[in-house]
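Start from the sequences, fold in the hints, and give me the full structure.
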Amino acid sequence: MNVIVSYDISEDKRRTKIHNILKSYGQWVQYSVFECQLSDTQYAKLRWRLNKLIKPDTDSIRFYFLCACCFGKVERIGGEPVYDDTVFFAECADG
Amino acid sequence: MGTVYITQEDAFIGKTDERLHVKFDKKTILDVPLIKIDGVVVMGRATVSPAAISELLERHIPLTFLTETGRYLGRLEPEVSKNIFVRKAQWQAVGESVQAIHVVQGFVRGKLKNYRNLLIRRQREFPDLDLSAYITRLEQAIAPIDTTNSINSLRGLEGAGSAAYFNCFHQLIRATEFTFTTRSRRPPTDPVNSLLSFGYSLLRHDIQGAIDIVGFDPYLGYLHCERYGRPALALDLMEEFRPLIVDAVVLSALNKRLLTPVEFVTEPLSHAVSLTGEGRKTFLRLYAQKKQSEFKHPVLGRKCSYQEAFELQARLLAKYLMGEIEKYPPLVLK
Chain A
13 MNVIVSYDIS EDKRRTKIHN ILKSYGQWVQ YSVFECQLSD TQYAKLRWRL NKLIKPDTDS
73 IRFYFLCACC FGKVERIGGE PVYDDTVFFA ECADG
Chain B
-18 MGTVYITQED AFIGKTDERL HVKFDKKTIL DVPLIKIDGV VVMGRATVSP AAISELLERH
42 IPLTFLTETG RYLGRLEPEV SKNIFVRKAQ WQAVGESVQA IHVVQGFVRG KLKNYRNLLI
102 RRQREFPDLD LSAYITRLEQ AIAPIDTTNS INSLRGLEGA GSAAYFNCFH QLIRATEFTF
162 TTRSRRPPTD PVNSLLSFGY SLLRHDIQGA IDIVGFDPYL GYLHCERYGR PALALDLMEE
222 FRPLIVDAVV LSALNKRLLT PVEFVTEPLS HAVSLTGEGR KTFLRLYAQK KQSEFKHPVL
282 GRKCSYQEAF ELQARLLAKY LMGEIEKYPP LVLK
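Taken in order, these protein sequences are the chains called A and B. Going by my numbering, the first residue of the first sequence is number 13, and it counts up by one from there. Going by my numbering, the first residue of the second sequence is number -18, and it counts up by one from there.
Hint data in this document are derived by calculation from the structure and do not stem from the laboratory. Please read all numbers here as calculations on a predicted model, not as lab measurements. Misleading hints may appear alongside valid ones.
Lysine-lysine pairs mimicking DSBU-like chemistry, simulated, CA-CA at most 30 Å apart [stated by the list, open to error]: (1) A/35 x B/7; (2) A/29 x B/7; (3) A/25 x B/-4; (4) B/63 x A/35; (5) A/29 x B/277; (6) A/35 x B/300; (7) A/57 x B/-4; (8) B/-4 x A/67; (9) A/64 x B/300; (10) A/25 x B/8; (11) B/7 x A/25.
Okay, here's the thing in structure tokens:
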């Protein structure tokens, strides 16, 4: 499934933690917005991890689901391009 | 899902949260979620942290070690599959059994037919080439496969067919800067051979991964005989994919001039030829793109990528050996 996760966290330390967790599940596209492509179990795990961390009265996290058809229609102007996840290289820029 | 290639010498591979983290010189050079990874290939030397090792094993992500030039060194594998029935069927078919002969016929037929189709297609694309003599020789090797019932004779047909193919391989290269006379390996002594060897190494990593998933013992093959540390079954199953993936990628890299002679270096004494860092990256990217490209599977009748086809073919092989289907259909593409 394709999920857009946006969050509003009042405390810096907790926000960093949330940000760090989300980095393991998807791509950071804007301040406090992530795009994730997840399986059901991966989503459940992410939700559970985030749920444990936040303070529900001051923080909020929103998950917006996009169907496969709508995901193809997302338009992005500027900012980070979506990365290609078929191959990753670990190499220093200067060789 | 993708494969991580670590081409930086002396990199440090670690784990932070649920991500694979590669550092060099204390700087992060790669940080990817583990859920996006289905294989890690280390080229050259690298340090792998204990946490990363256990996490990779836990998630069933194989870690393969290649030398800088792409020669296979070894592999850290997750637990062998629990499916004993597949392995039992695999062992029961060992030697000159009816099943072994049938699957070897399949592997050889798949490889040679793909060779032939590749030549026919090139012939059509470039009418100035004359490949008909080689195509005839290939067909002469293909025709007796189904009536040959000894594995050694089948190996002979495979050799004859491959020889015919590699005899005209130089005609398929349209870039005048590159020449090919004969297949050389250990070490490859010209750029074309070095690309072929490198490609076959990468293919082997992928096929071995697929047969592990299905639950085979990779060291027991039918076409390739057992030798210490040689994953014979992976080499068997590779045969039909060689022309489809590696040869196609090598030819398109050279003919589209994506790789030029600048990207190759020759070792002074052994004359071993290998790619430079930049060239290697170009080639790895082309190979990855090829693996993800889709086609219609002729037997299953649905779309799949080559990456999926590795596993599909391994599953078909398992089904045949366990007696669930009548025949093993090698992947032959027009």
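Numbers of unmet hints, in rising order: Numbers 4, 5, 6, 9, in rising order.
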